[in-house]
Amino acid sequence: MTSESINNKANQIVGTSLTKCLTECEKGEETIVLRVNAGYKAKTRLANLGLVPGVKITKTKNAPFKGPIEIIVKGSSLVIGRGLASKITVECNGACLN
Amino acid sequence: MSCHSPNNKSSNETNYKNTINIALAGNPNVGKSVIFNQLTGLSQTIGNWPGKTVERMEGQLEFLGYHFNIVDLPGIYSLSTFSLEEIVSREYIISENVDIIINVIDATNLERNLFFTFQLLELKVPMILAINQMDLLRKRNIDLDFKELERIFKLPVLPVVAVHGTGVHQLLEEAIELIVYRHPHHHYKRRKSAESKHHGHSYYRTEHVHERIKSREKIKKTFKFPELNEVTTFGKEVESKIVSFIDKLNDHQQILSSCNYPSRFLAIKMLENDSEVIKLFTDTEERTAIINLSKNYREELEKLHGEDIHTIISSEIYSNIKKIVDLVLITKILRNIKKRSFNDFLDHLTTHSIFGYIILIAVLFGIYFFTFSIGDFIAGLIDNAFIIWSEIIYGNFGEDNVWVKVFWDGGVGGLFGAVGGVLVYVIPFFFIIEILQDSGYLPRAAFLMDRIMHSLGVHGKTIIPMILGFGCNVAGCAGCRIMETEREKKVSVALTSLVPCAATMTVVLGLVGRYLGFYWIIILFLINFTVIFIVGRILNKTLPGQCTELIMEMHEYRVPNYKVIFKQTWVRSKEFIFKAMPIMLILGIVLQILLIFNALEPVNIILSPVTVLWLGLPAITGVFLIYGILRKELTLVLLLILANSLNITLLELLTPIQMIVFSSITMLYIPCFATIILIAKQTSWKYAIQISLLEIAIALLIGGVINFGFQLFTSF
Numbered sequence: 000m001t002s003e004s005i006n007n008k009a010n011q012i013v014g015t016s017l018t019k020c021l022t023e024c025e026k027g028e029e030t031i032v033l034r035v036n037a038g039y040k041a042k043t044r045l046a047n048l049g050l051v052p053g054v055k056i057t058k059t060k061n062a063p064f065k066g067p068i069e070i071i072v073k074g075s076s077l078v079i080g081r082g083l084a085s086k087i088t089v090e091c092n093g094a095c096l097n
Numbered sequence: 000m001s002c003h004s005p006n007n008k009s010s011n012e013t014n015y016k017n018t019i020n021i022a023l024a025g026n027p028n029v030g031k032s033v034i035f036n037q038l039t040g041l042s043q044t045i046g047n048w049p050g051k052t053v054e055r056m057e058g059q060l061e062f063l064g065y066h067f068n069i070v071d072l073p074g075i076y077s078l079s080t081f082s083l084e085e086i087v088s089r090e091y092i093i094s095e096n097v098d099i100i101i102n103v104i105d106a107t108n109l110e111r112n113l114f115f116t117f118q119l120l121e122l123k124v125p126m127i128l129a130i131n132q133m134d135l136l137r138k139r140n141i142d143l144d145f146k147e148l149e150r151i152f153k154l155p156v157l158p159v160v161a162v163h164g165t166g167v168h169q170l171l172e173e174a175i176e177l178i179v180y181r182h183p184h185h186h187y188k189r190r191k192s193a194e195s196k197h198h199g200h201s202y203y204r205t206e207h208v209h210e211r212i213k214s215r216e217k218i219k220k221t222f223k224f225p226e227l228n229e230v231t232t233f234g235k236e237v238e239s240k241i242v243s244f245i246d247k248l249n250d251h252q253q254i255l256s257s258c259n260y261p262s263r264f265l266a267i268k269m270l271e272n273d274s275e276v277i278k279l280f281t282d283t284e285e286r287t288a289i290i291n292l293s294k295n296y297r298e299e300l301e302k303l304h305g306e307d308i309h310t311i312i313s314s315e316i317y318s319n320i321k322k323i324v325d326l327v328l329i330t331k332i333l334r335n336i337k338k339r340s341f342n343d344f345l346d347h348l349t350t351h352s353i354f355g356y357i358i359l360i361a362v363l364f365g366i367y368f369f370t371f372s373i374g375d376f377i378a379g380l381i382d383n384a385f386i387i388w389s390e391i392i393y394g395n396f397g398e399d400n401v402w403v404k405v406f407w408d409g410g411v412g413g414l415f416g417a418v419g420g421v422l423v424y425v426i427p428f429f430f431i432i433e434i435l436q437d438s439g440y441l442p443r444a445a446f447l448m449d450r451i452m453h454s455l456g457v458h459g460k461t462i463i464p465m466i467l468g469f470g471c472n473v474a475g476c477a478g479c480r481i482m483e484t485e486r487e488k489k490v491s492v493a494l495t496s497l498v499p500c501a502a503t504m505t506v507v508l509g510l511v512g513r514y515l516g517f518y519w520i521i522i523l524f525l526i527n528f529t530v531i532f533i534v535g536r537i538l539n540k541t542l543p544g545q546c547t548e549l550i551m552e553m554h555e556y557r558v559p560n561y562k563v564i565f566k567q568t569w570v571r572s573k574e575f576i577f578k579a580m581p582i583m584l585i586l587g588i589v590l591q592i593l594l595i596f597n598a599l600e601p602v603n604i605i606l607s608p609v610t611v612l613w614l615g616l617p618a619i620t621g622v623f624l625i626y627g628i629l630r631k632e633l634t635l636v637l638l639l640i641l642a643n644s645l646n647i648t649l650l651e652l653l654t655p656i657q658m659i660v661f662s663s664i665t666m667l668y669i670p671c672f673a674t675i676i677l678i679a680k681q682t683s684w685k686y687a688i689q690i691s692l693l694e695i696a697i698a699l700l701i702g703g704v705i706n707f708g709f710q711l712f713t714s715f
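These protein sequence lines map, in sequence, to chains S and W. So the first sequence is numbered by numbering that gives the first Met the number 0: it starts at 0 and just counts up by one. So the second sequence is numbered by numbering that gives the first Met the number 0: it starts at 0 and just counts up by one.
If you are wondering where the hints come from, they were derived from the structure by calculation, not from laboratory data. The beta carbon of each residue, even a glycine, is placed where N, CA and C say it ideally should be. Just to be clear, a hint being listed does not mean it is correct.
Below are the BS3-like pairs computed for lysine-lysine, each with C-alpha atoms no more than 25 angstroms apart in a straight line [to be verified]:
id: 1; chain 1: W; residue 1: 302; chain 2: W; residue 2: 123
id: 2; chain 1: W; residue 1: 247; chain 2: W; residue 2: 278
id: 3; chain 1: W; residue 1: 404; chain 2: W; residue 2: 573
id: 4; chain 1: W; residue 1: 247; chain 2: W; residue 2: 223
id: 5; chain 1: W; residue 1: 223; chain 2: W; residue 2: 302
id: 6; chain 1: S; residue 1: 40; chain 2: W; residue 2: 278
id: 7; chain 1: W; residue 1: 138; chain 2: W; residue 2: 123
id: 8; chain 1: S; residue 1: 40; chain 2: W; residue 2: 223
id: 9; chain 1: S; residue 1: 40; chain 2: W; residue 2: 540
id: 10; chain 1: W; residue 1: 322; chain 2: S; residue 2: 55
id: 11; chain 1: W; residue 1: 235; chain 2: W; residue 2: 247
id: 12; chain 1: W; residue 1: 302; chain 2: S; residue 2: 40
id: 13; chain 1: W; residue 1: 153; chain 2: W; residue 2: 247
id: 14; chain 1: S; residue 1: 86; chain 2: S; residue 2: 55
id: 15; chain 1: S; residue 1: 86; chain 2: S; residue 2: 26
id: 16; chain 1: W; residue 1: 540; chain 2: W; residue 2: 562
id: 17; chain 1: W; residue 1: 322; chain 2: S; residue 2: 86
id: 18; chain 1: W; residue 1: 540; chain 2: S; residue 2: 65
id: 19; chain 1: W; residue 1: 321; chain 2: S; residue 2: 55
id: 20; chain 1: W; residue 1: 223; chain 2: W; residue 2: 146
id: 21; chain 1: S; residue 1: 86; chain 2: S; residue 2: 65
id: 22; chain 1: W; residue 1: 573; chain 2: W; residue 2: 562
id: 23; chain 1: S; residue 1: 55; chain 2: S; residue 2: 40
id: 24; chain 1: W; residue 1: 302; chain 2: W; residue 2: 153
Okay, the calculated bits of chain S under chain W, using three or more residues with CB under 8 angstroms as the criterion [claimed, not checked]:
id: 25; segment: 19 to 32
id: 26; segment: 49 to 62
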């Protein structure tokens, strides 16, 4: 998928407000990253680790006390602080529509 | 970034005409250090990169008549400039000191690992891809098409199982092959031998290789890096920008020739607005023109894609990687087979919202217990040996002999003190920490503690050096090197140096615990943790910059590799013995000289306004506290000696209030000398002194408040 088509898709979905942030995902939910609204540095680090728009991720853990979350990106598990996770927009899957 | 790399070769290296310099590069936790250990054995040294706080692991070996000099680069994900590790690696790889890179890749995490490989490819340095953990991949019924990988990359790609040593020495054979023959294409035949059981130490081409190799300089110049256009080419828009930028750069030959970076790498980095690369253009007349051009290109691309440049470039690299991975994965079975393994169970348990914390606390106690029980046992043996030998020495030379006092009591006594008081705790501690680190537990602790650590202005990873600090602050501060930014390092060393270590625990248990009871220990601990909390808040407010968010990879649990653990323990202990111990020895002699000339009596007098008036302690404790800087538990030992010589118990020597004040002071007043050295190594001497002064101030404040609080309380 090219970046442009991802972007189109992102706009489409944003337009119909079918997005949510990563922190709102259920445990075990599989979704697609649409946008990373973080700062320059964090964004680059995440991009280097494979977390770019269009990538499929699975949320696997929620740390207790509103702590960080764990996701699987490209086969490796990544822990992201909650503040940062809340800036990552992901696609709503079927469950959201109900 | 210095284009002219510092030529820091030692003299004995230049004696070898046939030295091959290898840099091991790869993501963290891919088995780089296992390969490094398999290759170099015990001939390792830990140092720092010149002028940097990044650790440098180096080792040597002789193989097939060649001298290999291997540097284990820090594990990184990218060659940007966001961490010191990345800058150091990038500069080192491009320097004249590297003949060949061995890029270690985790087979079970191919896509993410290849991202770094793609960055290395742009540096156009001879490279071998070592695909590690092939056994794990094959267990999942997946195999890789190595022939296809070699066709794509036009570089040697070898399967390795580092923990078993399989294929490790083939990497060196391949290195000789690649840079001597410069034929990156004829090693398919040997693939079989690489995977067969015997490890091919005898190599059929050895003799030719010997004849062909003349000198390092020659090798370097004649190797031609393969053209990898079909692999590294970006999408149309990005690629056209890069190509036209390369054209522009070619007009500046003096810049290109003054640094070793290939023009394509420079062009990509200029597009990415890489601060270090931009610095290269500082002195040129057309600096603004070039920077503006890169800015225009960047903005054009960002507008087109609606993303920032790093995301665009990363996405493009990842889409190239996807194509390759689709080609080379032989059996495609879903990566995450839904089977609950023991590994998953352990992972679930240790990150659980209740059991996770219980296990964390258990691990902390486990560290204490292990460090204490082994350390105390050996310390007892050493102390006994010293007492026996002392009596022999005193018997022969007389106890009041000045030389005996200086060299035996001061020098040798200091050495024994360092061994018996610090080293015996440090070594078992390094050992258990290596196990914790290698097994993959520590990131789980960071995961659990992230939220709490955020209130101190750092993210969860800081808990890792702090856990280490519970056993020994020295090891803890050394562990602060894992922190990404300077700011985080500064906060981490400060917090870690305040954690009550095993030695401090001895004092608290031996004094307060023994005479006043368990509750007071809890109260002292609460005070200590409050101080850690407050110092964290203060540093968070005063240090420039912002608290960064946690981004951390969490690996699967694995059985620790005993070879790595023993070797790492030895290498770390060796570093401690040769760097920190001599200083302690000298300090011991100095203190003894001061004692002989009664120079410490004035110290007691000078300190007495603080010790006697403010803290309400006996004047003699002034000297004890000074000794305590050397070894924290010395404060208690000296108290016991004093009480013994006066034939009274500690309860008669000190009032309960004095005990509490004395213990709280010992806990907080200053990091021990070895810790101060480590803080300075991680940050700077200035910062180490600042932290020490801050801690003295806090300790005095708390000691005074306790003292006067009690006095007020009891006067009613």
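So, going through the hints one by one against the coordinates:
| no. | hint | in the structure |
| --- | --- | --- |
| 1 | 302(W) with 123(W) | violated (31 angstroms) |
| 2 | 247(W) with 278(W) | holds (17 angstroms) |
| 3 | 404(W) with 573(W) | violated (28 angstroms) |
| 4 | 247(W) with 223(W) | holds (24 angstroms) |
| 5 | 223(W) with 302(W) | violated (38 angstroms) |
| 6 | 40(S) with 278(W) | holds (19 angstroms) |
| 7 | 138(W) with 123(W) | violated (34 angstroms) |
| 8 | 40(S) with 223(W) | violated (35 angstroms) |
| 9 | 40(S) with 540(W) | holds (21 angstroms) |
| 10 | 322(W) with 55(S) | holds (16 angstroms) |
| 11 | 235(W) with 247(W) | holds (18 angstroms) |
| 12 | 302(W) with 40(S) | holds (19 angstroms) |
| 13 | 153(W) with 247(W) | violated (28 angstroms) |
| 14 | 86(S) with 55(S) | holds (17 angstroms) |
| 15 | 86(S) with 26(S) | holds (18 angstroms) |
| 16 | 540(W) with 562(W) | violated (44 angstroms) |
| 17 | 322(W) with 86(S) | violated (29 angstroms) |
| 18 | 540(W) with 65(S) | holds (23 angstroms) |
| 19 | 321(W) with 55(S) | holds (13 angstroms) |
| 20 | 223(W) with 146(W) | holds (21 angstroms) |
| 21 | 86(S) with 65(S) | holds (15 angstroms) |
| 22 | 573(W) with 562(W) | holds (16 angstroms) |
| 23 | 55(S) with 40(S) | holds (22 angstroms) |
| 24 | 302(W) with 153(W) | violated (35 angstroms) |
| 25 | 19 to 32 | violated (count 0) |
| 26 | 49 to 62 | holds (count 8) |
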